[in-house]
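There are 2 protein chains.
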Amino acid sequence: MKPLNVAVLGIGNVGTGLIETYRLNKVKVDGQTNQPFNFKYILVNSIDKLRTIDLKDSILTTDFQDIIKDDSIDVVIELIGGLHPAFDYMKRALEAGKHVITANKAAIATYGPELRQIASDNKVLLRYEASVCGGIPLLNTLSENLLSNDFEELVGILNGTTNYILTRMTEEGLEFDEALKLAQEAGFAEADPSSDIEGDDAAYKLCILSHIAFGLNVDPKDIPKHGITKVSKEDIEYAQELGYKIKLLAAAHKKENTVDLRVNPALIKDTHPLASVNHEFNALFLKGNALGELMLYGKGAGAMPTGSSVLSDLIAISKKTPSMIEQKTTIALENRSLLKYYIRLEVIDEPGVLGKVATLLGEHGISLDSVVQRARGNKVAPLVFLTHEIDKKTLDGAIKSVEAYDKIVEIASLMSVEN
Amino acid sequence: MKPLNVAVLGIGNVGTGLIETYRLNKVKVDGQTNQPFNFKYILVNSIDKLRTIDLKDSILTTDFQDIIKDDSIDVVIELIGGLHPAFDYMKRALEAGKHVITANKAAIATYGPELRQIASDNKVLLRYEASVCGGIPLLNTLSENLLSNDFEELVGILNGTTNYILTRMTEEGLEFDEALKLAQEAGFAEADPSSDIEGDDAAYKLCILSHIAFGLNVDPKDIPKHGITKVSKEDIEYAQELGYKIKLLAAAHKKENTVDLRVNPALIKDTHPLASVNHEFNALFLKGNALGELMLYGKGAGAMPTGSSVLSDLIAISKKTPSMIEQKTTIALENRSLLKYYIRLEVIDEPGVLGKVATLLGEHGISLDSVVQRARGNKVAPLVFLTHEIDKKTLDGAIKSVEAYDKIVEIASLMSVEN
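Chains as they are written, first to last, in the numbering used here: chain A, 1 to 419; chain B, 420 to 838.
So that you can see chain A by itself, here it is in the shape it has in the complex:
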């Protein structure tokens, strides 16, 4: 049978993983598609660069025009990353009637609605499984296998770098800076780790997941977002004492016709399946209105895992499986009003301070789930509270009056608690 002609834009880790995965599993894959894949072009920055992978079956080019002008190209796979020129290349490929696959979370989170519209106008497919959590088939599972469900809740550990850092902080009692250094040495954090540790990477992924699950088109900038740079060893220890782990969670909670999206470090019960997702692993926990609880767990990054997800999309295109679903949605973004909170105060260690603070919180209608007071044997001591569900305005008012109390040195930490 005629091969499917493919052009790959960019041949870094993921591109190499894609081609190596196909070579490794060619017999199985071709047996399923009845149509071998021909990686006809590869767009590179430099033709002569030394590469670990043998590309002699492909035409290397530095000019995107060569690809767009070749009518025999059926599929363009964008693996350049970043917004530009990645978006522009995808747009032109779709307009030229070519199917597009990408692993680019920033571009899909930012320009997804526009790209999906162009794909639909040109009757071609746009697939992006690898853009969210590398090797875990999250998007295809949500959009194809779980269509019989309405989703009530998605809670994910979607960023491997931050999960690796928090795991080492937890297991070895390290501070954030020490664990970040170890993550960089182990190759799990980049030299400039800001997109991971500030939560941007997780927010992009949550944005894409919310489109697949709820049909929502959200600007990733509108997702409330806190990174993990302020999480301290001390908070991790108090959380453990209370039976919780601290994880960077990217969560969507649906309530009637609104959904709350947020990315932040949060406390999650030890017994929750997400609490045992450690190191560089990723997981998505969800609740469907029929199937109940489900979790998918695996490697969120890496050349071969991510390459194999790109290859899965190529197989789907070869089998003419339609694009990711376009749901008509009536759902709007709205922040959850009621949350549970973890509050750590540093206070002057004197009799009566705990009672006074608890009274102040009570006067604002805040009832407490747990309290930990631990003497340090010096003048300043920590005071830790877990609240029941309260709205943010009530919390802010209470915090203000607690801050005004002269025995309070600092509001050292404030995080949400997930059930």
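Certain hints may be false.
Claimed, not checked - Between beta-carbon pairs, the in silico distance windows are:
#1 A/L338 to B/D473: 32 to 40 angstroms
#2 B/I472 to A/P3: 31 to 39 angstroms
#3 B/K649 to A/D57: 51 to 59 angstroms
#4 B/D473 to A/L414: 47 to 55 angstroms
#5 B/N838 to A/G12: 27 to 35 angstroms
#6 B/K600 to A/E171: 37 to 45 angstroms
#7 A/S370 to B/E769: 45 to 53 angstroms
By construction, these hints were calculated from the structure, which means they are not laboratory data. Quick reminder that beta carbons are idealized off the backbone N, C-alpha and C, glycines included.
Chain A is already provided as a structure; the job is to place chain B on it using the hints.
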């Protein structure tokens, strides 16, 4: 658009869950398929039985002939369970050119090859997502979303009843009989629990998974199988001391062109993701040659979860998604030769017994990973070993010479240890 006409055979828990899930999510589902589902017939034992679900839109019949003779029926959903007449009805429906969906693991494990052939000969689809682990989309994920991978290992907790029993034994220090009684009271074990506790249910599911993952057609009777009735509170405690949990594992290990299938209680490291799958939950952990480790976790049973899986198959048929894959396989069933073992002996509590047993094991070439000796303060004491990898013949020889030693009261327990 013309509706898809469906006949449902049997309206117990799963049938009720199917229809309720469709009613609950009709707007979303119809929006995706553009073809509403019409549950035209329901095959029942008694027309007049009082039911919790309103079925006035369907024709209730006690005669399968009514369904098979009606050319307007596109899909037959078999939810009777058991081998006969379920198999015969599915065969006749496929031969009459109707697509078939089933949740029947016994029938698919036993007659899968024959039913798949009849479906293929008649150019109709046969789907059975709900036959393995209720609400978790295992089969569709393996066969559709992970096609880019070759599978090296599948290890599953596929039976909710036994996992519930083992969890309560572990958490509360109960013996098997006590925990079984609690499981029956909680509705997680049937009055006759033998198919669950003897491992038959898990073996059926493993048989179906091996077909999907490896293209293997195995008679479920050929899968080596041990139930959990002999697992004692004591073994669970020793396992915990050594850093392991005891779980009923259904596992497939591939090595070149052979695969080892087995169902048995086994020790699994505390840090393994499967170790924290508790109570009635199910999970499948797998290794793909490109994606690495992946785990799917969720509810393996229940009316709505299982019904929603049946509904997913119905959606796939409406969208003309092909049957589960038919892989050409060159893989044969062959038992793994090397395993690690957990051995618990009851011995006369005298000096030198440990040394003598360790020497006997050493003489048979068995090297030890861990040893636990604990005095009970009476004449008989337990002696626990974890071995390194050995073949079964070596183990059997060693056990025979240990048994012959006159200080040995009993070989109380022997289980494999999974990495």
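Now for the hints, and whether the structure bears them out:
Taking 32 to 40 angstroms as the suggested C-beta distance range, the pair A/L338 and B/D473 conforms, at roughly 35 angstroms. One distance hint, 31 to 39 angstroms for the beta-carbon pair B/I472 and A/P3, is violated here, with the actual separation near 51 angstroms. For B/K649 and A/D57, the Cβ-Cβ distance of about 57 angstroms falls inside the hinted range of 51 to 59 angstroms, so the restraint holds. Hint check: B/D473 to A/L414, Cβ distance near 50 angstroms, so the stated range 47 to 55 angstroms holds.
The beta-carbon spacing between B/N838 and A/G12, approximately 32 angstroms, falls within the hinted interval of 27 to 35 angstroms. Checked against the hint of 37 to 45 angstroms, the C-beta distance between B/K600 and A/E171 comes to roughly 39 angstroms, which is consistent with it. Between A/S370 and B/E769, the C-beta spacing of about 51 angstroms keeps the proposed range 45 to 53 angstroms intact.
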